[in-house]
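J.: Modelling step: build the complete structure from the supplied sequences, incorporating the hints.
There are 2 protein chains.
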Amino acid sequence: MDDRKFRILQAIIDDYILTAEPVGSRTISKKYDMGLSSATIRNEMSDLEELGYLDQPHVSAGRVPSAKAYRLYVDQLLEQGTLRNLDEETVRAHFTGRAHQMEDIIDQAAQVLSTMTNYLAVVLPPSGRPPVIRNIQLVPVATGSALVVIVTDTGIVRDTVIRYNGQLSSDTLYAISQALTQELSGKTLPEALEVLPEVSRRVGDNADLLRSLSGFLGERKEKGRKPHVAVGGTSRMLTLPEYSDMERVRNLLSLVEARDRLASIVRQNGNVQFTVRIGPESGIPEMENCSIVTATYSTYSGQQGTIGVIGPTRMQYQKVISVLSSMGQQLTELFGHEDGHAGPGDSSDERRHS
Amino acid sequence: MDDRKFRILQAIIDDYILTAEPVGSRTISKKYDMGLSSATIRNEMSDLEELGYLDQPHVSAGRVPSAKAYRLYVDQLLEQGTLRNLDEETVRAHFTGRAHQMEDIIDQAAQVLSTMTNYLAVVLPPSGRPPVIRNIQLVPVATGSALVVIVTDTGIVRDTVIRYNGQLSSDTLYAISQALTQELSGKTLPEALEVLPEVSRRVGDNADLLRSLSGFLGERKEKGRKPHVAVGGTSRMLTLPEYSDMERVRNLLSLVEARDRLASIVRQNGNVQFTVRIGPESGIPEMENCSIVTATYSTYSGQQGTIGVIGPTRMQYQKVISVLSSMGQQLTELFGHEDGHAGPGDSSDERRHS
DNA sequence: GTTAGCACTCACCTTGATTGAGTGCTAACA
DNA sequence: TGTTAGCACTCAATCAAGGTGAGTGCTAAC
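Chains S and C, in that order, give the protein sequences.
Be aware that the first sequence starts at 154, since it is given in the numbering used here, and climbs by one per residue.
Be aware that the second sequence starts at 154, since it is given in the numbering used here, and climbs by one per residue.
Hints were generated in silico from the structure; no laboratory data involved.
These numbers come from a predicted model, not from an experiment.
Think of the CB as a built atom: it goes at the ideal place given N, C-alpha and C, for glycine as much as any other residue.
One or more hints might be untrue.
Output of the computed footprint for chain C on chain S, the stretches with three or more beta carbons under 8 Å from beta carbons of chain C [said to hold, decoys possible]: (1) 285-296; (2) 405-417.
Restraint-style ranges between C-beta atoms, simulated for each label pair [claimed, not checked]: (3) S/S191 / C/D398: 48 to 54 Å; (4) S/V425 / C/D257: 32 to 38 Å; (5) C/K379 / S/S338: 33 to 39 Å; (6) S/G436 / C/E344: 53 to 59 Å.
Here are a few chain C residues that sit away from chain S, every Cβ distance over 12 Å (derived from the structure) [claimed, not checked]: (7) D156; (8) L171; (9) D186; (10) T243; (11) D257; (12) P293; (13) G385; (14) A411; (15) R412; (16) P433.
T.: Given below as structure tokens:
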């Protein structure tokens, strides 16, 4: 594959990304002046098709880039690596990150990603190693019930109201809290659950309360709260010509509705900084003519989150990669501080993600 | 309008709800045996059209019920009132309400509503009078930062990490918490904000911490966290023939994406138990050929939430009304206890809704 | 190796005829 | 007077036929 072929292929991909229509030889010869006649282009295109880079919907239509072609194209894009920070300022302008709740922040991130790329954006909250307990506090809510607040090292707070028989004063609850904190801090939630019976004996006669607590921890362990998955730009996708087909729209929509499935598709497993999965590369049947581009961000506590964009295979890879890169960087910055926020005097919390 | 006309109209509506196709006179005469020939039906239909109950897409098509017709139909349904509890058991079977978080519960409710009706379901969290503070607790998170937990009478918990200079022991924080609780309990958030400077003076030398707290309360007051709106069944809507038109799908989708707008559309203002808005009755341009049926549920603290179903004007009103009614009842039951949950030994909390 | 020219293919559009569901009207009937 | 059979009429939807044009592959000349 010589340089000229590559340039022609690139022109075809560019044009197809723009128009979503099969590209003819004459278009290339005229719009992208290569100093070659359409006949020559035609010969080259024929070769490219033989090499597997182009497909032909039917004999009298133009050519369409194959997944293999996009792969080449993207690899070449990533190699030169100049695009990384192209959209940094625009992202910074749109994404303020000024919100109290983790959920609001990732919602906003998804919003910005989708408006900037015009594709479907998905943002997963940070996750990673199991959080370690730092502090447990029981706050009286009403007679016979208390709020359990567990502060972990990742800044995550888990809380639930538990009920118990009898009446305990605020001070008693505080005393129990202190005892529990002393006994359980440094442990993960499953570990805490294990030693709880023993601790219970030592702490004393509030067996009932501790049973409730144990029940809560147990439930949490097995099915932690499902993490909030932020999605943006679903309606934007419908303006694309590839989604004039109802079947595909339905597919997309049900994927978006099944958040956990969506999350599992988007989530990155390795710890590479980027992933670009083109069409069938993802191995997901419904995603055959979609591409999935993901990047990661990380928090001060070493947890990792994923941001991703899903679009048609003919997506604007440069733009998407550049925007994702900038957004990843900014989220990492934002979560790089202990309280999870940039800006002095800012109050914050990060919670509700397991 | 005599009885026979009404029966014919009813048959037309029933058939149209089923098929979504204009109904002809022969269909009525054959399928719904009225003991009348198609010619007679035709005369009656002509009258019904003149009365404004039927529309004709074009001269050689059947008739389609108008909004006025549905209104009559629904009013008649509601009048007989027998349908209320038809689906109670089915709802109970699908909707367990076994979840810790308010958000999970309303998500599940939306899910059940949409699967049972096959339309778009929306569930709004309870809202109402401003919550009153019951307990404030500061939980140490790390050096120089603490988690503020505010328990209110509605069971709502608001929390955020605040930062302060210096170092405060767990016991000191507890002492401050107790003082704050004593001073501020019984007050609403804005009231608390007002008296905080004075309290601050009395409590002593932790001016910095209290300034942070004040800042937090102030921010909360002006822009409370936007409530979580649960939506289910978006993709289900696409199977309806009325959504083979892309324009409508796009409309629907962007509405679903704009949760706050969706909430304002669904939310009931009066305190009637039911609302059925048919087509243009809603006054919302995009909803011209949709109907919106809503019901309410309430919590032990007197707050009120809304559940709603959005479907085409030709929706299955009986089914929808019956399901909504049962669900409203069950949510009211579920939130009828102080801890917001049915079932003994269940732990729970309700939070994250302003 | 490149290009002009030409025959060929095939999706897409237009046109026109056909079909069939449905109506409105009229005249006959109970 | 209300009901019905019959008939002419309308009009969306379907289908086949023909035309159009974008695009290709091949060949021969440069």
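J.: Are the hints correct? Go through all of them and say.
T.: Cross-check of the supplied hints:
1. With 7 residues having a Cβ less than 8 Å from any Cβ of chain C, the segment 285-296 of chain S passes the three-residue criterion, so the hint holds.
2. Residues of the segment 405-417 of chain S with a Cβ under 8 Å from some Cβ of chain C number 4, which satisfies the need for three, so the listed coverage holds.
3. Separated by about 40 Å at the C-beta atoms, S/S191 and C/D398 break the suggested range of 48 to 54 Å.
4. Here the CB-CB span from S/V425 to C/D257 is close to 33 Å, well matched to the stated 32 to 38 Å.
5. Here the CB-CB span from C/K379 to S/S338 is close to 34 Å, well matched to the stated 33 to 39 Å.
6. For the hinted restraint 53 to 59 Å between S/G436 and C/E344, the CB-CB distance of approximately 58 Å keeps it satisfied.
7. Every CB of chain S lies more than 12 Å from the CB of C/D156, the least distance being 42 Å, so the non-interface label holds.
8. With a closest Cβ-Cβ approach of about 21 Å to chain S, C/L171 is found to remain outside the 12 Å limit, as its non-interface label requires.
9. Its beta-carbon lying about 37 Å from the closest one in chain S, C/D186 satisfies the requirement of being farther than 12 Å from that chain.
10. Residue-level check passed: C/T243 sits 22 Å from the nearest beta carbon of chain S, beyond 12 Å.
11. At roughly 7 Å, the least C-beta separation between C/D257 and chain S is not larger than 12 Å, which violates its mark as non-interface.
12. For C/P293, the shortest C-beta to C-beta distance to chain S comes to about 6 Å, within the 12 Å cut-off, and the non-interface label is violated.
13. Against the 12 Å criterion, C/G385 falls within the reach of chain S, whose nearest CB is about 8 Å from its own CB.
14. The claim that C/A411 lies off the interface is violated: its Cβ sits roughly 9 Å from the closest Cβ of chain S, which falls inside the 12 Å cut-off.
15. With a least beta-carbon separation of about 10 Å from chain S, C/R412 fails to lie farther than 12 Å from that chain, contradicting its non-interface assignment.
16. For C/P433, the shortest C-beta to C-beta distance to chain S comes to about 23 Å, beyond the 12 Å cut-off, and the non-interface label holds.
Violated hints for the displayed structure, listed by number in ascending order: 3, 11, 12, 13, 14 and 15.
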